[in-house]
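Colleague: Protein chains in written order, with my numbering: chain C, 40 to 436; chain R, 4 to 144.
Because the hints were derived from the structure by calculation, they are not lab data. From the three backbone atoms N, C-alpha and C, an ideal C-beta is built for every residue, glycine too. There may be inaccurate statements among the hints.
What the hints assert, rightly or not - Mimicking DMTMM-like on lysine to aspartate or glutamate, the simulated pairs with C-alpha atoms at most 20 Å apart in a straight line are:
no., chain 1, residue 1, chain 2, residue 2
1, C, 294, C, 347
2, R, 69, R, 116
3, C, 318, C, 307
4, C, 318, C, 347
5, R, 12, R, 101
6, C, 303, C, 347
7, R, 12, C, 401
8, R, 12, C, 173
9, C, 318, C, 268
10, C, 294, R, 132
11, C, 63, C, 225
12, R, 69, R, 89
13, C, 318, C, 362
14, C, 44, C, 365
15, C, 294, R, 43
16, C, 84, C, 116
17, C, 345, C, 225
18, C, 294, R, 111
19, C, 294, R, 98
20, C, 294, R, 88
Claimed, not checked - Covered stretches of chain C, going by a simulated chain R footprint (3 or more residues, C-beta under 8 Å):
no., region
21, 196–207
22, 241–250
23, 405–412
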Amino acid sequence: MVDLKHGAAIVGIHEHVTRYAPDKSELQIQGESVIKALADAGLSKKDVDGLFTASSSIRNSGMNLADYLNMYPKYVDNTTVGGGSFEFHLSHALTAIAAGRINVAVITYSSLARSGGVSVGTGGVGRYGHPRLDPSPDSFEELYGLTTVGLYAMIAQRHMHLYDTTSEQLAEVAVAMRRHASMNPEALFRDPVTVEDIVNSRVISSPLHLPDCCVITDGGGAVVVASPEVARNCRHTPVWVLGVGEAIAHQGAGKRDLMYIAAKQSHEPAFAMAGVTQKDIDMAMIYDSFTITVVETLEDLGFCEKGEGGQFVSGGRLQVDSERTDKFPINTDGGGLSSNHPGMRGIFLLLEATRQLRHQFEGTPRQVDNCQIALCHGTGGSLGARHSGGTAILGRD
Amino acid sequence: MTTRQEWNKPLPTVVGETRPYWESCRRGELLIQRCEKCGEYQFYPRGICANCWSDDSIRWVQASGKGTVWTYTVTYQNRTPGFAEDVPYVLAVVELEEGVKMFTNIVDCNPREVTIGMPVEVTFVRATDQITVPYFKPSSQ
């Protein structure tokens, strides 16, 4: 295979700070984000030749976004595989840039889930907004009252059954995210919570409590990805794409053990491409739709053995300001559990990993010490039915 | 088989490749598929063998209707009409004796008594004149 390591770099980022924007359109949030991310890179509209976007609400998202931005991209990709879509986009942009088809790609996303009153986790079949079920797989599933949280809760239930994982261990993930959110002025929820608060709170779908579930917000952002030649002349130190991998996990015609998630498949090519191992990762952005998502993902990315995820996340180990020598900071922006989650959160993983690799928080508790290599893993869809997994390993010079 | 008045849950969309499944449910039988070439069972039903990618070897076979709870969740919140009034209900994945897993609800029991590994058997509820839905309940044996 062609060596893609260092084949492209993230050179510009912007996170739209809104958590509630009832008077904006989704395309406006994307437009504002693209403009500011290009300014961050020191690039302009004429430099962009690739457009990458995903949406669960904008029809024909690639076409309509090009129209709104009044641009004529040479390369368009609106791969939509749920929350992990943007790790897939980064992977595809890397390939398109390394092949010489484009020089500068923008990846962008927005959603108005909160102001639109979308019940992302508990909306049931209503979340699709149409009454007619597809012949398959919907017609064999939605009759039974599936919810997004339920499909993750079933994996949590079996994790507890097989490995004695506890609600307290899952709660540790939410506590760490809230700790990080307290360091992020833009985060939706910033007040500290304890394990005890969480295990005593309302159960949404057993065994998951309300704080085991991500928040629902509006929001959006953009990432600019460029060829090495362009990247070296941008405003910030390039954040290189070192390795990528993508995968889909599904029911395997009724035979797959879905306790193993897509991360199991996607991380191996990413680590192989990057030429690094788990020990080399300084921090990770792990999609945290639910606390169980983090536990399962850490296991299947190979940061611990299967079944040891509950133990791994305990004792404050995920917290960036932990005193532990073996700490492993994740989601230093507060994650989906406390900062923001407009529905497909994968783009925010790339944004925070880039900030960390730029050492943007130097001198504050949010900065990961000597951050050289970060891993992002986006999960989209539902762990218990079918989902995507996109792994991206990023590094600085 | 029980009949529910005024069905307000979603109904399946039936097409050629899935029609025998829904027709058998209406008769109170659970049919699954097996490939004549590779011998693998599969669920949900489809017009091809998802294992060996043969397009002319899928056969319908009667399942025993018995299985075990592979995992489950007691759902306390679902805003969809038809389910909103059913909470708490048990959403589950059941592994059939034939080795394939399917989504279902565990019915006819206290939701808090469901456990992983619990033996269950199929039971049917008539939704409309055309559609009958298979569920699972604790095994009678």
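Colleague: Work down the list of hints and note, for each, if the structure agrees.
Modeller: Hints, verified against the model:
no., hint, verdict
1, C:294 x C:347, "violated, 24 Å"
2, R:69 x R:116, "holds, 18 Å"
3, C:318 x C:307, "holds, 14 Å"
4, C:318 x C:347, "holds, 17 Å"
5, R:12 x R:101, "violated, 28 Å"
6, C:303 x C:347, "holds, 15 Å"
7, R:12 x C:401, "violated, 54 Å"
8, R:12 x C:173, "holds, 15 Å"
9, C:318 x C:268, "violated, 30 Å"
10, C:294 x R:132, "violated, 32 Å"
11, C:63 x C:225, "holds, 18 Å"
12, R:69 x R:89, "violated, 25 Å"
13, C:318 x C:362, "holds, 19 Å"
14, C:44 x C:365, "violated, 28 Å"
15, C:294 x R:43, "holds, 10 Å"
16, C:84 x C:116, "holds, 18 Å"
17, C:345 x C:225, "violated, 34 Å"
18, C:294 x R:111, "violated, 27 Å"
19, C:294 x R:98, "holds, 9 Å"
20, C:294 x R:88, "violated, 32 Å"
21, 196–207, "holds (count 3)"
22, 241–250, "holds (count 7)"
23, 405–412, "violated (count 0)"
Violated hints, listed in ascending order, are 1, 5, 7, 9, 10, 12, 14, 17, 18, 20 and 23; each of the other numbered hints is respected by the structure.
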